[in-house]
Amino acid sequence: MLLDAKLPPSFILRQILPDVAVLLIISVIFQVLKVFVGPYLPPIPLSLPSILGGSISLLLAFTLSQSYDRWWEARKVWGAIVNDSRTLLLQVRSFVKADHLTPALLRGLAYRQMAWCYGLGEALRGQDPMATLVRYLPAQELAYAGQHANKPLALLALHTQQIKTLYEQEAINPFQQVQLDATLVRLCDAMGRAERIKSTVFPTNYRRLVHFLIYLFLGTLSLSLVEINGLWELPILLMFAVTFFLVERTARYMQDPFSDLPTDTPVTAIARTVEINLRQLLEEDEVPAPLPAEAFYLM
Amino acid sequence: MLLDAKLPPSFILRQILPDVAVLLIISVIFQVLKVFVGPYLPPIPLSLPSILGGSISLLLAFTLSQSYDRWWEARKVWGAIVNDSRTLLLQVRSFVKADHLTPALLRGLAYRQMAWCYGLGEALRGQDPMATLVRYLPAQELAYAGQHANKPLALLALHTQQIKTLYEQEAINPFQQVQLDATLVRLCDAMGRAERIKSTVFPTNYRRLVHFLIYLFLGTLSLSLVEINGLWELPILLMFAVTFFLVERTARYMQDPFSDLPTDTPVTAIARTVEINLRQLLEEDEVPAPLPAEAFYLM
Amino acid sequence: MLLDAKLPPSFILRQILPDVAVLLIISVIFQVLKVFVGPYLPPIPLSLPSILGGSISLLLAFTLSQSYDRWWEARKVWGAIVNDSRTLLLQVRSFVKADHLTPALLRGLAYRQMAWCYGLGEALRGQDPMATLVRYLPAQELAYAGQHANKPLALLALHTQQIKTLYEQEAINPFQQVQLDATLVRLCDAMGRAERIKSTVFPTNYRRLVHFLIYLFLGTLSLSLVEINGLWELPILLMFAVTFFLVERTARYMQDPFSDLPTDTPVTAIARTVEINLRQLLEEDEVPAPLPAEAFYLM
Amino acid sequence: MLLDAKLPPSFILRQILPDVAVLLIISVIFQVLKVFVGPYLPPIPLSLPSILGGSISLLLAFTLSQSYDRWWEARKVWGAIVNDSRTLLLQVRSFVKADHLTPALLRGLAYRQMAWCYGLGEALRGQDPMATLVRYLPAQELAYAGQHANKPLALLALHTQQIKTLYEQEAINPFQQVQLDATLVRLCDAMGRAERIKSTVFPTNYRRLVHFLIYLFLGTLSLSLVEINGLWELPILLMFAVTFFLVERTARYMQDPFSDLPTDTPVTAIARTVEINLRQLLEEDEVPAPLPAEAFYLM
Amino acid sequence: MLLDAKLPPSFILRQILPDVAVLLIISVIFQVLKVFVGPYLPPIPLSLPSILGGSISLLLAFTLSQSYDRWWEARKVWGAIVNDSRTLLLQVRSFVKADHLTPALLRGLAYRQMAWCYGLGEALRGQDPMATLVRYLPAQELAYAGQHANKPLALLALHTQQIKTLYEQEAINPFQQVQLDATLVRLCDAMGRAERIKSTVFPTNYRRLVHFLIYLFLGTLSLSLVEINGLWELPILLMFAVTFFLVERTARYMQDPFSDLPTDTPVTAIARTVEINLRQLLEEDEVPAPLPAEAFYLM
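Protein chains in written order, with full-length UniProt numbering: chain A, 1 to 299; chain B, 1 to 299; chain C, 1 to 299; chain D, 1 to 299; chain E, 1 to 299.
Chain A on its own, in the form it takes in the complex (with noise of 0.2 Å):
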């Protein structure tokens, strides 16, 4: 989402093909009728699919909106992660007494902040992150967080572990213990809302009523049609079919963020920019690169 990429038009009409072809069936088939049994068709005057455009159009309306809500708020909650991984690191460096403030402790900490980004990106898209993990974490916290089913939460309980030895250590005090706690439980809150927006379905009883009522409007435009302009109705629905379809699915790709499509919220370029922050704080030398922009984005 990070590059306003040229998409190949032919992706994107791929995508409705199957609906605008049953629906020129459709309309093929009412051409028939109309040469065979053509007196005895319903008149339908233009009105009517006139009152069930504006209905659906509003519908539509709101399911873009909904839909745009969504996929702002799993980039708010990535940016949230982007802005409390430098937090952690920025407080950790700030609190800690000089003499536990080793480069191992902190690398540790922003390495597995970095596991934690790339981890639930994994997560959320379905992939395993162990392969991810092995490259940051050390073996002994990728065999803790091995046995979890939730990854990224095994992480963050390992970075609770460590703020509390901190705390035993006396190398932090009382208060700082509990500002750190309060930026992982930020943290903690982030990862269950990106999980929120991925488990939970767009309503797909309304989902269904869109699509439904789609082909109602558009099969009545073309009974409508049929009568005034003979085999012209074919491009005009045609027309009317892929403005309403595009729309459609334009909606669908914004609900569900998280899908390991090319039309996800860029989870990979933003944990890889936390990491180029992290390191930076770091004062490491190599810095990786931005992640170039995958292939291309739908929206």
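Hints listed in this document are in silico derivations from the structure and should not be mistaken for laboratory results.
The reader is advised that the hints may include incorrect statements.
Identical copies carry no separate label here, and so any pair may be met within one copy or between two of them.
Unchecked claim - Dumping the calculated PhoX-like pairs for lysine-lysine here, alpha-carbon to alpha-carbon at most 25 Å:
1. Lys97 x Lys198
2. Lys164 x Lys97
3. Lys198 x Lys34
4. Lys76 x Lys34
5. Lys198 x Lys76
6. Lys164 x Lys34
7. Lys34 x Lys97
8. Lys164 x Lys76
9. Lys164 x Lys198
10. Lys76 x Lys97
Following the hints, position chains B, C, D and E against chain A.
Then chains B, C, D and E, alone, in the frame of chain A:
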């Protein structure tokens, strides 16, 4: 709500059957009237139902929007419950001093939290949660909860009591007590928000107004079509009736997400997710499987 | 607002009767004019009222949406009051040292909180809360509250005073004082938010504009129909008038949720819920029954 | 905004007079053109202004919605100021040790807070607040405020200074200092939010676009009606012009709630409410009456 | 965005010129086709473009609404930056012990905060902030910032470093450190939110869909008008094209508020406001004037 399961169309249609039937009867009456008193029926230009249809579409769109917001807020509340349940256990593990942090302590707290989740879900659906609580609570706590009208509130009181005891035993320091208390405040808040959604009916007056207007619109449309389409009016009207009643019904299902219907927020499945997460954090070996999606979900 | 009770339709219709009557008179005047000066009346194509009807539907939808938001915000504020009332008692029970935590202390605080809830509700409705306060407050506190114009604010001042005393007696530590203070800040905030909704009239100008436009629309429609439908114009216009005035009226009822009308936010019933919860937390034996729903609710 | 006062209709109409006049002139020109070059005028089917009217209604509904949100946000900011002003005094009363808690201290703080409220209101309206501040501040503080461009910010600086002094005198403990500071942060935030609404013009480009489109719509409608209605076109067009310009004007009044107009957020009346509340908490005998509503309110 | 300045209309029109030109060419082609193959052109009743026009108006209204939200959110983020910048300085002044509170300390912090504001604004616009930072930062800090890809993040790291040093010197107590850290967390959050708005393109797919639909609508309208109006079709179509493209363009300008265009959020002017406020709190004599509004603002 966790599965995109197929819903038998018959189920949905059965819900709107009575309304559609009433409307067809009205429509037939108009047909009969036309035969006998045709010339005395008022001429209704199609613009009139068109204006009404536009207004009703807007009202339905607004209703859908508010209904969706209620449904989504209910889902957010339960998402917050997942987050704070995890946070509570992580915080206790992180805060309590090593010599007080017995497995029994953690287990007791975690099981009480699971009981709270299941119990809140059942209380919201108007069921008696005691049968479920008995599987998670020791006898003494069960007895205490049994005395309260509001069982989840009683469990929260037990949580605060335990935090107090930990503080008195100096197992946690004052800051940690306050931070744990903040987590309990959030849980208390989530409980209250779910109860609010449950106990606040969507404005009844408004609901009935919309229902009445759909009838008004379809009646006017029927009268208008009788003159143009003759008997063809019946299937056309049927189509409009199904459309508008379906949208209304879809909105109504989302308005009350804790009604013990297949369209509810899946509180039991979410409580099960909490149980799985907490048991894994307790490092238990036996973790129950995620709840299979109940029969089917309407939306 | 807690019951889905049946509302006698006569009640609703009586509200819009004057407006509908005025409109029918206008309509009759047009009928008479038509008889005498018919050829000089302007021809109004139905498209003109159609455009106006579309605009007014949009304005009404916007009004409904904002009214609903006010109504829902009012409900949220009172939901937050329930939560924070419970939290306050749980916190005091949890924070105060065992030797200071007398039943009298808890009871005093809980009863003052109940008084605050009932008193705030009555103050919002413009009633004098002193008659209710006398049932919950000791004489001294009652006298203090009596001197204040804003009784609930006086009770909050007494709360803070008691917290201060507890701190000076070292019954709570500094962190606990601050945490209790945060709960009082939230209660003060909820009070202010309810007062804001109460004291901020929905833009009067806007209200009257919508009212004027409905008349304009119906007048134009009447003129337009007079030519087409003759006397049938009257029932058709009646139907449109009822529709639009009902929607407007429904919106208006939700705009001012603290007006001592059956459509109000049920502040007394909510205060009763708080009373039941607090009394059970005090482990009192006699707990009042939930408040039966008042007469009926408009929405 | 606190009173539902009657507003002389002449006031509202005067605001839209110029636009309506321009439009009638255009309309008369079309009438004249029709007489001389009638056959060469383009035929405008009513569907064309109908499409434009629908689009413009949507734009106006969106504008109204955003304007209302700005107006309501401004009201919320001032509601928060009321809450935090009360909280500030309650906290100082509750936190400061008995031997430091002199009436002079409380009075100084409360009067500075009143000055802050009045001063912020006047600064937002572009007035010089010094004349008002002199009634509430001692000479020294007045002089300090006089040196600052942003007087309310200067008063907040004095607040923080006083909190600091209290802490250095050990009249409050560190936690209490931080909690008081949090209240000042919220006040600083409310001030900044009000300044943001004041200084951010509603997108000018958008405003002018809507204005231009209303002219376009009414011009097209005029041309379309000239052919159908002859001279009757003038009153019909007048009616449409009044409708659309009134809605636009109503939206514009809500966009800038700090413009020293009768439609403003009633900042002075709210500051007066704060003054009454604080004086009663100071247990002063003389409390000013609530501010009588200014002349009238447009909305 | 701070001035309601006049914008030369030529500027706006130039933006939509290419689209309008393309459309007029299409329209001329239809005119020519009509002359040669008139009888074979499909009859397009005006209802068809009317349905399309309704749908597209709804999509445009939704787009405008989301664009406005982005633009307003960007403005809110920068409003929060103003507030927290002021808060940061007030807090340091209030918290640091008298013997550590040197003018140099305050000045260093305040200037770094000014540098952060200017630098963040320039980074968001894709400019190199180093040229500006040199005016506010000492050499050493400038060198540190120079090594980072993300300059504002480097400055925040320097802030936390300074807070840490103050704490180690016991110039602030642990609570104060945590409270200052909370302010830095908010600044980090504001930075991240601005970056999110900058880096998240408004769904490209959606943008192009709307653009395509406007063409589709206008093409259909053109075909429909060719038969009715002959050559008059050209000016009518031009009017519709200007309307719809202007609305679309207005929405697009609000979507990306950090694009180094005259329609941006005025980040430099806001940073200047921060500079003025902070310099006055430092009690400097020379305070720069508020930034004159840049050339003009599109909206």
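Here is how each hint holds up against the structure:
no.: 1; hint: Lys97 x Lys198; in the structure: neither (40 Å within a copy, 37 Å between copies)
no.: 2; hint: Lys164 x Lys97; in the structure: both (15 Å within a copy, 9 Å between copies)
no.: 3; hint: Lys198 x Lys34; in the structure: neither (48 Å within a copy, 54 Å between copies)
no.: 4; hint: Lys76 x Lys34; in the structure: neither (54 Å within a copy, 53 Å between copies)
no.: 5; hint: Lys198 x Lys76; in the structure: both (14 Å within a copy, 12 Å between copies)
no.: 6; hint: Lys164 x Lys34; in the structure: neither (79 Å within a copy, 82 Å between copies)
no.: 7; hint: Lys34 x Lys97; in the structure: neither (86 Å within a copy, 84 Å between copies)
no.: 8; hint: Lys164 x Lys76; in the structure: neither (29 Å within a copy, 30 Å between copies)
no.: 9; hint: Lys164 x Lys198; in the structure: neither (31 Å within a copy, 37 Å between copies)
no.: 10; hint: Lys76 x Lys97; in the structure: neither (33 Å within a copy, 36 Å between copies)
Hint compliance for this structure: hints 1, 3, 4, 6, 7, 8, 9, 10 are broken, all remaining hints hold.
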